[in-house]
Amino acid sequence: MIATLANPYRFMAVSRWLAPLCGLAAVVLIAWGLTLGLAVPPDYQQGETVKIMFVHVPAAWTAMFAYTGLGAASFSSLVFRHAVADAAARAAAPLGALFTLAALITGSLWGKPMWGAWWVWGDSRLVSVLVLFLLFVGYMTLRASIEDEAKGARAADILALVGLINLPVIKFSVDWWNTLHQGESIFRTGGPLIAPVYLNPLLLMGAGYSFAFLALWLTRTRAEIRLRRASVLAMRGVA
Amino acid sequence: MLALLMRREISIAWGRGGGPLLAVAFLIAAASLVPLSLGPAPGPLSAAAIGVTWVALVLATLLSLDRLFQHDLEDGCLDLLALGAPPLEAVCAVKCVASWLVNGAPLAVAAPAAAIALGAAPSSAIQIAVAALTGGIAFAFVGGAGAAIALVSRRGGVLMAVIVLPLLIPPVIFGGALMATGSAGASQALALLLAYALASVALAPFAMAAACRNALG
Amino acid sequence: MLALLMRREISIAWGRGGGPLLAVAFLIAAASLVPLSLGPAPGPLSAAAIGVTWVALVLATLLSLDRLFQHDLEDGCLDLLALGAPPLEAVCAVKCVASWLVNGAPLAVAAPAAAIALGAAPSSAIQIAVAALTGGIAFAFVGGAGAAIALVSRRGGVLMAVIVLPLLIPPVIFGGALMATGSAGASQALALLLAYALASVALAPFAMAAACRNALG
Amino acid sequence: MITALEVNDLAVARGGRRLFEKLAFRLDAGRMLAIAGPNGSGKTSLLRAIAGLLRPAAGTIVFEGAEDSGHARRTACHLLGHQEGLKGSRTAAEELAFQARWCGASPAAAELAASRLGLSRLMGLEVHRLSAGQKRRLALARLIAAKRPLWLLDEPLAPLDIAGRDLAAELMSEHLAGGGLILAATHDLLPLPADRLEL
Amino acid sequence: MITALEVNDLAVARGGRRLFEKLAFRLDAGRMLAIAGPNGSGKTSLLRAIAGLLRPAAGTIVFEGAEDSGHARRTACHLLGHQEGLKGSRTAAEELAFQARWCGASPAAAELAASRLGLSRLMGLEVHRLSAGQKRRLALARLIAAKRPLWLLDEPLAPLDIAGRDLAAELMSEHLAGGGLILAATHDLLPLPADRLEL
Ligand code: HEM
Ligand SMILES: Nc1ncnc2c1ncn2[C@@H]1O[C@H](COP(=O)(O)OP(=O)(O)OP(=O)(O)O)[C@@H](O)[C@H]1O
Ligand SMILES: Nc1ncnc2c1ncn2[C@@H]1O[C@H](COP(=O)(O)OP(=O)(O)OP(=O)(O)O)[C@@H](O)[C@H]1O
Ligand SMILES: [Mg+2]
Ligand SMILES: [Mg+2]
Chain A
1 MIATLANPYR
11 FMAVSRWLAP
21 LCGLAAVVLI
31 AWGLTLGLAV
41 PPDYQQGETV
51 KIMFVHVPAA
61 WTAMFAYTGL
71 GAASFSSLVF
81 RHAVADAAAR
91 AAAPLGALFT
101 LAALITGSLW
111 GKPMWGAWWV
121 WGDSRLVSVL
131 VLFLLFVGYM
141 TLRASIEDEA
151 KGARAADILA
161 LVGLINLPVI
171 KFSVDWWNTL
181 HQGESIFRTG
191 GPLIAPVYLN
201 PLLLMGAGYS
211 FAFLALWLTR
221 TRAEIRLRRA
231 SVLAMRGVA
Chain B
1 MLALLMRREI
11 SIAWGRGGGP
21 LLAVAFLIAA
31 ASLVPLSLGP
41 APGPLSAAAI
51 GVTWVALVLA
61 TLLSLDRLFQ
71 HDLEDGCLDL
81 LALGAPPLEA
91 VCAVKCVASW
101 LVNGAPLAVA
111 APAAAIALGA
121 APSSAIQIAV
131 AALTGGIAFA
141 FVGGAGAAIA
151 LVSRRGGVLM
161 AVIVLPLLIP
171 PVIFGGALMA
181 TGSAGASQAL
191 ALLLAYALAS
201 VALAPFAMAA
211 ACRNALG
Chain C
1 MLALLMRREI
11 SIAWGRGGGP
21 LLAVAFLIAA
31 ASLVPLSLGP
41 APGPLSAAAI
51 GVTWVALVLA
61 TLLSLDRLFQ
71 HDLEDGCLDL
81 LALGAPPLEA
91 VCAVKCVASW
101 LVNGAPLAVA
111 APAAAIALGA
121 APSSAIQIAV
131 AALTGGIAFA
141 FVGGAGAAIA
151 LVSRRGGVLM
161 AVIVLPLLIP
171 PVIFGGALMA
181 TGSAGASQAL
191 ALLLAYALAS
201 VALAPFAMAA
211 ACRNALG
Chain D
1 MITALEVNDL
11 AVARGGRRLF
21 EKLAFRLDAG
31 RMLAIAGPNG
41 SGKTSLLRAI
51 AGLLRPAAGT
61 IVFEGAEDSG
71 HARRTACHLL
81 GHQEGLKGSR
91 TAAEELAFQA
101 RWCGASPAAA
111 ELAASRLGLS
121 RLMGLEVHRL
131 SAGQKRRLAL
141 ARLIAAKRPL
151 WLLDEPLAPL
161 DIAGRDLAAE
171 LMSEHLAGGG
181 LILAATHDLL
191 PLPADRLEL
Chain E
1 MITALEVNDL
11 AVARGGRRLF
21 EKLAFRLDAG
31 RMLAIAGPNG
41 SGKTSLLRAI
51 AGLLRPAAGT
61 IVFEGAEDSG
71 HARRTACHLL
81 GHQEGLKGSR
91 TAAEELAFQA
101 RWCGASPAAA
111 ELAASRLGLS
121 RLMGLEVHRL
131 SAGQKRRLAL
141 ARLIAAKRPL
151 WLLDEPLAPL
161 DIAGRDLAAE
171 LMSEHLAGGG
181 LILAATHDLL
191 PLPADRLEL
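Sequence order for the protein chains is A, B, C, D and E.
By my numbering, the letter at position 118 of the first sequence is numbered 118, and the numbering carries on one by one without gaps.
By my numbering, the letter at position 7 of the second sequence is numbered 7, and the numbering carries on one by one without gaps.
By my numbering, the letter at position 111 of the third sequence is numbered 111, and the numbering carries on one by one without gaps.
By my numbering, the letter at position 167 of the fourth sequence is numbered 167, and the numbering carries on one by one without gaps.
By my numbering, the letter at position 72 of the fifth sequence is numbered 72, and the numbering carries on one by one without gaps.
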């Protein structure tokens, strides 16, 4: 898989049809999930606000998924020096930032009614997600502020790998450290805790978000690669 | 061999005057908070002491970061260090420890004194010292990683802010909780702070070395 | 001409990253004090904010001092500056102002924000900003004088501590009093702080220029 | 009144030790003086004393008929030292513009000088990326961008390539032809006719 | 196994631009190679690539029969660059002791080297007080204090006086006689027989 995609030409060939396919899947799944999600009965303690969950939780999941992708791409570009991997890493960052921001915003929108506060500095999950967002931003700034492309790329890869530590922190923060935030209720040993009525739309939305991310990621990566080809040709033209 | 390097780093940093300057200034500034005299209750003042300590630690670390690798890169010293027998990872770790000894440790010693001067209970003073020492190590190593990564850009400073700060947020918060003396979560916060410090000490050197090699090339 | 120098100094200091780093770090660190949650009363927290601001200002100044002249002396830049048409006094003053703009000003802007976040009254926030700005100038110039004088010694840092700190005590005290919002002596403290700042701005440049010439020779 | 530099039994001390004493010479407009001597003999110190950066232990330095503490000389000379005083984090263009204008040149003159020294292609690079010789050329550009009568050059040819040395020689001879003065400390022979002073 | 350095169609890139390509040469024990070329042609970059500090864009560098990513070379070479990496605030003695021992020499060897280069009288001074040539001598002292087979010298003679150049030549020839290798980037002729490589 990686080996296949590492070759730019094969990557372009595959992604040409893979990207739109993911886009289509995303549209279908999200539409389905929304129709189910908007129909759910109000929660006995959360009331209507429970519906925020269907936008919030998937956003959070996808944000972490995006950083995982960034980390993987950075690793293979740093170690195996795959051109595609570097382009993919660069393409993943802004998308990840976007989804993280979505998780933050929907989360604090939810937090006002549930906890009576938009933001709680003491809460490990909230903070670790904020860190995730800042890591994406930092990565983009680093990529933007570099004069020497090769060097800058490697430095950014290192940063991305360093930031990987944050993922388990986000995931397990709720268990390690007493927080206001919801504990694990879905991906936990012993099966989900929440009723199927809520679970199904949530999972549908999760899948939809993920496919949406994949579609955008592939597209941006393609654009990035095209850009580099252009610049290479330009250099040849000069020489 | 690394001991040599350590001695050299310390003497240079000391000559630049992080340490002594810092600790003394910190004590004076903290003591100057007394005239604020927020009523007889010791609570506020010692709380202020806690906050002051923590912020001082963060700033001291951040402000000494650009000296960590930048100079050595510019004056060719990093070349020499890279050409020695010890691995660059060890070199970077030593540099971080040295900068911690000069910038972080004096503060960690001065902090409890200031806190007590401001009416904190001796028990809390110990807690403050522990937190400051542990946090200092974490800051030094995480900051070092950021500094090394930022070497490739001429706008190093701004970049460092963006890179280092997110990584510093967790320890700052653990420390804040830990320093809230008597708070229930203190012991837990200490555990987290220690874990974070250990993790950074274990992982940062590799990031630093990789970033330095990249900057040298 | 001096505007050129100002722009250059700022771009270099900014690249080294005092300013941005500092202001943001300060805000985060200060905000992380909230979890300390010293009871519902805003008093303690805003007090903490005040103390934090002041200490941050002092440290930021002290830690950026060694960069003020040392580098320029080592890389031969100070020679060039001394051979220009403007008098060295003006050059030194510009350098101090630049370092204040990069290190002091961002803090002075961030401070009130943090204070309000910690529950201080807006009125006090203004007072904090004023004190931070005025104090920052005083620190920059007095500190600059110390840095210049310390150029002759290789143990610059320690020397600076001995030279600068005594000079910094008064403004720290005035500022502390001033920042004690609502305290009776506030206006008087402000007057004193202003007087001190003016005096340092007026006198320090001559000391700095003399010290620099001495170090060049 | 003609430009001339006159030094009378000059002595310069470093770290309490006198490097040389009773040094005397006269340099007229359009002439060049080559200062030779072993490492540590005080060439750089002498140049700094004449530039007005280092107070002599004894003796007088008369420039343009007036003897002064050095202010007149400070603003009338270009000192090209072992270090160029360029900041690695700024671009060549920024640094040259600053240095030249600081010495009284116009921005246009700076650009002209850069192209004269074959740096135009590099002006966008940060200084720390420049090679040793390129840095030196950048420093030389300052000399021709801002007109100053007295050039004090410390090993002006050091890291320059063959072409660069010819170019430097050309610039120096032009400066002399224009009635300028040059003091050059060097260990190898200069490509121009010059009086010699052994320290 | 004999010490030898072999470079096969090497290419080095800086800032995305290739400085040279298809560079190939072989250097055997006891031989010296002089690298010449205009400013910015890539001499320093080549030396750094061979030292293992700079990853080549293409080609291989084989040292002592083994090709590696550079670790072996890093610990087997002395790199004398444009900058000496000496800290101005420390004394010459401290700096030499550190640099030499960092490269594997004993303290005694460091002192011996210092006296060999005529620095004994100056070892107590801080480095920033040393003259350019004295700094250079201090840097050279490291080379003879710690024995390493491969010397990579960037304009080794630059700020040295006549005596210093003779001394440097002497040290180099001794190193060669001992079976060492020398790559020297320089703009002027070396005082020793050497193969020439034009960049
Ligand atoms: C800015 C505030 C918030 C942030 C940054 C945030 C972040 C996250 C993240 C990262 C996850 C994914 C956890 C995982 O998959 O392991 C998550 C899940 C979740 N969040 Fe939030 N959240 C916030 C506020 C809230 C609020 C206010 C609520 C409701 C009271 C909430 C309820 C949930 C629930 C129910 C889950 C799913 C739990 C699970 O099964 O893992 N979140 N949140
Ligand atoms: N600040 C100082 N304190 C003490 N001694 C100094 C100081 N500066 C220079 N010296 C000494 O003065 C002597 C002359 O230094 P100077 O740089 O003038 O020599 P130079 O002729 O330029 O040598 P080079 O040819 O190596 O450049 C040297 O021996 C040096 O050690
Ligand atoms: N980090 C960098 N980024 C971009 N370009 C660089 C970088 N470092 C060096 N260069 C460029 O590479 C070229 C070669 O530099 P190098 O120092 O190897 O030349 P050199 O042969 O040593 O020149 P000199 O004789 O002046 O020492 C120069 O044109 C320089 O501008
Ligand atoms: Mg000299
Ligand atoms: Mg070179």
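These are computed hints drawn from the structure, not numbers from a lab.
Yeah, the Cβ is synthetic: ideal placement off N, Cα and C, and Gly gets one too.
It is possible that part of the hints are untrue.
Under 10 Å between C-beta atoms, here's a sample of chain E residues computed to sit facing chain B [claimed, not checked]: (1) Ala51; (2) Arg74; (3) Glu94; (4) Arg121; (5) Leu176; (6) Gly178.
Hints versus structure:
The interface hint given for E/Ala51 holds, since its Cβ lies 7 Å from the closest Cβ of chain B, which is under the 10 Å cut-off. Annotation: interface hint on E/Arg74 holds; nearest CB of chain B at approximately 5 Å, less than 10 Å. Interface restraint check: E/Glu94 against chain B, minimum CB-CB distance 8 Å, threshold 10 Å, status holds. Residue-level restraint check for E/Arg121 is violated (minimum Cβ-Cβ distance to chain B is 23 Å; threshold 10 Å).
Because the closest C-beta pair between E/Leu176 and chain B is about 21 Å apart, greater than 10 Å, the hint is violated. Interface hint status for E/Gly178: violated, as the beta-carbon distance to the closest one in chain B is roughly 20 Å, over 10 Å.
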